[in-house]
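Protein chains: 2
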Amino acid sequence: MNAIAIIAASGIGKRMQLPGGRSKQLLEIGGFPVIHHTLKAFEDASQVTEVYIATKADNIDLLQDMARSAGFRKVRHVIEGGKERQDSVWNCIRMISDGHSGAGELPDAILVHDGARPFIRPEEIDDIVRLSVESGACVPGNRPKDTIKYIGSDPSCFGATLERSRLMQVQTPQGFRAGMLIDAHHRAAEEGWYATDDAALVERYFPDYPVRIYETGYHNIKITTPEDIPVAEAIYQALL
Amino acid sequence: MNAIAIIAASGIGKRMQLPGGRSKQLLEIGGFPVIHHTLKAFEDASQVTEVYIATKADNIDLLQDMARSAGFRKVRHVIEGGKERQDSVWNCIRMISDGHSGAGELPDAILVHDGARPFIRPEEIDDIVRLSVESGACVPGNRPKDTIKYIGSDPSCFGATLERSRLMQVQTPQGFRAGMLIDAHHRAAEEGWYATDDAALVERYFPDYPVRIYETGYHNIKITTPEDIPVAEAIYQALL
Numbered sequence: 032m033n034a035i036a037i038i039a040a041s042g043i044g045k046r047m048q049l050p051g052g053r054s055k056q057l058l059e060i061g062g063f064p065v066i067h068h069t070l071k072a073f074e075d076a077s078q079v080t081e082v083y084i085a086t087k088a089d090n091i092d093l094l095q096d097m098a099r100s101a102g103f104r105k106v107r108h109v110i111e112g113g114k115e116r117q118d119s120v121w122n123c124i125r126m127i128s129d130g131h132s133g134a135g136e137l138p139d140a141i142l143v144h145d146g147a148r149p150f151i152r153p154e155e156i157d158d159i160v161r162l163s164v165e166s167g168a169c170v171p172g173n174r175p176k177d178t179i180k181y182i183g184s185d186p187s188c189f190g191a192t193l194e195r196s197r198l199m200q201v202q203t204p205q206g207f208r209a210g211m212l213i214d215a216h217h218r219a220a221e222e223g224w225y226a227t228d229d230a231a232l233v234e235r236y237f238p239d240y241p242v243r244i245y246e247t248g249y250h251n252i253k254i255t256t257p258e259d260i261p262v263a264e265a266i267y268q269a270l271l
Numbered sequence: 032m033n034a035i036a037i038i039a040a041s042g043i044g045k046r047m048q049l050p051g052g053r054s055k056q057l058l059e060i061g062g063f064p065v066i067h068h069t070l071k072a073f074e075d076a077s078q079v080t081e082v083y084i085a086t087k088a089d090n091i092d093l094l095q096d097m098a099r100s101a102g103f104r105k106v107r108h109v110i111e112g113g114k115e116r117q118d119s120v121w122n123c124i125r126m127i128s129d130g131h132s133g134a135g136e137l138p139d140a141i142l143v144h145d146g147a148r149p150f151i152r153p154e155e156i157d158d159i160v161r162l163s164v165e166s167g168a169c170v171p172g173n174r175p176k177d178t179i180k181y182i183g184s185d186p187s188c189f190g191a192t193l194e195r196s197r198l199m200q201v202q203t204p205q206g207f208r209a210g211m212l213i214d215a216h217h218r219a220a221e222e223g224w225y226a227t228d229d230a231a232l233v234e235r236y237f238p239d240y241p242v243r244i245y246e247t248g249y250h251n252i253k254i255t256t257p258e259d260i261p262v263a264e265a266i267y268q269a270l271l
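From first to last, the protein sequence lines stand for chains A and B. Here the numbering used here runs 31 ahead of the position in the first sequence, where the first position is 1. Here the numbering used here runs 31 ahead of the position in the second sequence, where the first position is 1.
It is possible that part of the hints are untrue.
Identical copies go unnamed one by one, so any copy, or any two together, can satisfy a pair.
[What the hints assert, rightly or not] Below, simulated EDC-like cross-link-like pairs (lysine to aspartate or glutamate); rule was C-alpha separation at most 20 Å, straight line:
| id | residue 1 | residue 2 |
| --- | --- | --- |
| 1 | K71 | D158 |
| 2 | K176 | E115 |
| 3 | K253 | E194 |
| 4 | K71 | E136 |
| 5 | K253 | D177 |
| 6 | K176 | E194 |
| 7 | K176 | E246 |
| 8 | K105 | D139 |
| 9 | K71 | D96 |
| 10 | K253 | E264 |
No lab work stands behind these hints, which were simulated from the structure alone. This structure is a prediction, so every number in the text was calculated from the model and none was measured.
With the hints as constraints, model all of the structure from the sequences given.
In C-alpha cells form, the structure reads like this:
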C-alpha cells in the first residue's frame with residue numbers, strides 16, 4: 032500500500048515569546064519546531080511515500096529548508112494554503128490529482144493531518160492507511176474524559192447533557208481512499224460547501240461508506256499556543 | 032457567602048507503580064498526593080467554610096491523617112462513599128442536611144468536586160460559589176479542542192458530527208444553592224434515578240434554573256492513572 036500525506040500547516044507561524052524578550056518563529060518541543068516532529072512521524076511511516084505541505088507564503092522557504100536539512104526526503108511539495116483549512120487541503124489535492132493523472136496512478140490512500148499534531152506515531156499512521164484502504168475512510172479518535180453539554184439558548188448557561196458513552200473526540204491523520212477524497216473535495220469546491228473536517232466532507236458525498244474509528248491514546252494533541260508547550264514537553268518526554 | 036464543599040474521592044486509591052518495583056498508594060504530583068493539592072485549593076478558597084470527603088473505607092484514616100498533618104482545618108468529615116459517585120455525594124449531603132437541620136442554617140451553596148482535579152484555583156472556587164448563589168447553579172467548563180462525533184450504530188464507525196461551537200466540556204467543582212442540591216439529590220434517591228453529574232440532576236428537578244457556565248482554561252484536568260502524571264506535573268510547574 033502507498034499513501035500520500037497532506038499536512039495542513041498554515042497555523043504554525045505563531046510567534047512564540049520566550050523569557051528575556053526573545054522570540055522564535057515556531058513553537059518548539061525538545062529543541063525542534065512542532066512541525067519537525069510531525070514531518071518526522073510521516074517520514075518514518077512505511078506506508079507513506081510522499082508528503083505535501085500547505086502553509087502560509089511566508090513559511091514556504093522555511094519549511095523547505097527544514098525538510099532538506101533534516102533529510103526528510105518524502106516532502107515533495109510545500110505550497111501556499113488557501114483562505115480556510117479546507118481550501119489548503121484542496122490546493123494539495125488538485126496538485127496530487129494533476130500530478131498523477133498523466134501516469135494514471137493515484138496512491139491507494141490520501142491522509143490529511145494537522146501540522147500541529149506532532150505526536151502521532153509512525154505505526155499509527157500505517158494502521159490508518161491500511162484501515163482507510165480497507166474501509167474507505169478511517170479517522171483517529173478517543174473518548175472524551177469530561178462530560179459534554181450543549182451551550183444553551185442563553186449562551187451564558189448550559190443546555191442538554193450529551194450521552195458521553197456515545198461520543199468520540201476526533202483527530203488527524205484522517206485517511207481515505209484517494210479517489211473518494213479527491214471526488215468529495217471536488218464536489219465541495221463546486222458547491223462552495225465547507226465541512227468541519229475531511230471526514231464530514233466524505234460522509235456527505237459518500238454516505239454509504241461509514242468512517243472507521245481508530246482509537247488512539249491521549250498523546251495525539253494539537254499544539255497551537257505557548258500555553259500548550261509544557262504539556263507537550265511532558266508528552267514528548269513520556270513517548271521517548 | 033459561605034459554602035460547603037463535597038469532595039468525591041473514592042477513586043484516589045489506585046496504586047501507582049514506580050520505577051524499581053516500588054509502589055505508592057496515591058498518585059503524586061510535586062511530591063504530594065493529588066488529593067492533597069485538591070484539599071489545599073479548597074482550604075485557600077475564602078468562601079468555603081467546611082469540606083466533606085467521601086472515600087473508600089480503606090482510605091478514611093489516611094485522609095484524616097493527611098488533613099491533620101497538612102493543617103487543613105476545613106476538613107470536617109471523611110466518610111465512606113457509596114456504590115456510585117452519586118451515592119457518595121448523597122451520603123455527604125445527608126450528613127450536611129442532618130447536621131444543619133437543628134440550627135436551621137444551611138450554607139449558601141454546596142460545591143461538589145472530583146478529588147482527582149487538583150488544579151482548580153482558590154479564586155475559581157470562590158467565583159463558582161458566588162455565581163451559584165446568584166444563579167442557582169454554576170459549573171466550570173471549557174471548549175472542546177477536537178471535533179466531537181457520535182459513535183455510529185455500527186460501533187466501529189463514526190456517526191454524525193456535532194457542531195463544536197455549541198459544545199462545552201464540563202468539569203467540577205459544580206456549585207448549587209444548598210437547598211436546590213439537597214432537594215434534587217433527595218428526589219433522585221427516592222426515584223432511584225442516576226445522572227451523569229450533579230448539574231444534570233439539578234436540571235431535572237429544577238428545569239427553570241439554567242446552570243450558569245463558568246469558563247476556565249485547560250488546567251482543571253482529572254488525574255486518574257499514572258499515564259496522566261507527566262502532563263499533570265507540567266501543568267503543576269506552569270501554575271506555580
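Checked hints:
{"no.": "1", "hint": "K71 / D158", "result": "within (17 Å within a copy, 44 Å between copies)"}
{"no.": "2", "hint": "K176 / E115", "result": "between (29 Å within a copy, 18 Å between copies)"}
{"no.": "3", "hint": "K253 / E194", "result": "between (25 Å within a copy, 19 Å between copies)"}
{"no.": "4", "hint": "K71 / E136", "result": "neither (26 Å within a copy, 63 Å between copies)"}
{"no.": "5", "hint": "K253 / D177", "result": "both (18 Å within a copy, 8 Å between copies)"}
{"no.": "6", "hint": "K176 / E194", "result": "both (12 Å within a copy, 19 Å between copies)"}
{"no.": "7", "hint": "K176 / E246", "result": "both (14 Å within a copy, 17 Å between copies)"}
{"no.": "8", "hint": "K105 / D139", "result": "within (16 Å within a copy, 63 Å between copies)"}
{"no.": "9", "hint": "K71 / D96", "result": "within (14 Å within a copy, 50 Å between copies)"}
{"no.": "10", "hint": "K253 / E264", "result": "both (13 Å within a copy, 19 Å between copies)"}
Of the hints listed earlier, the one the structure fails to meet is number 4.
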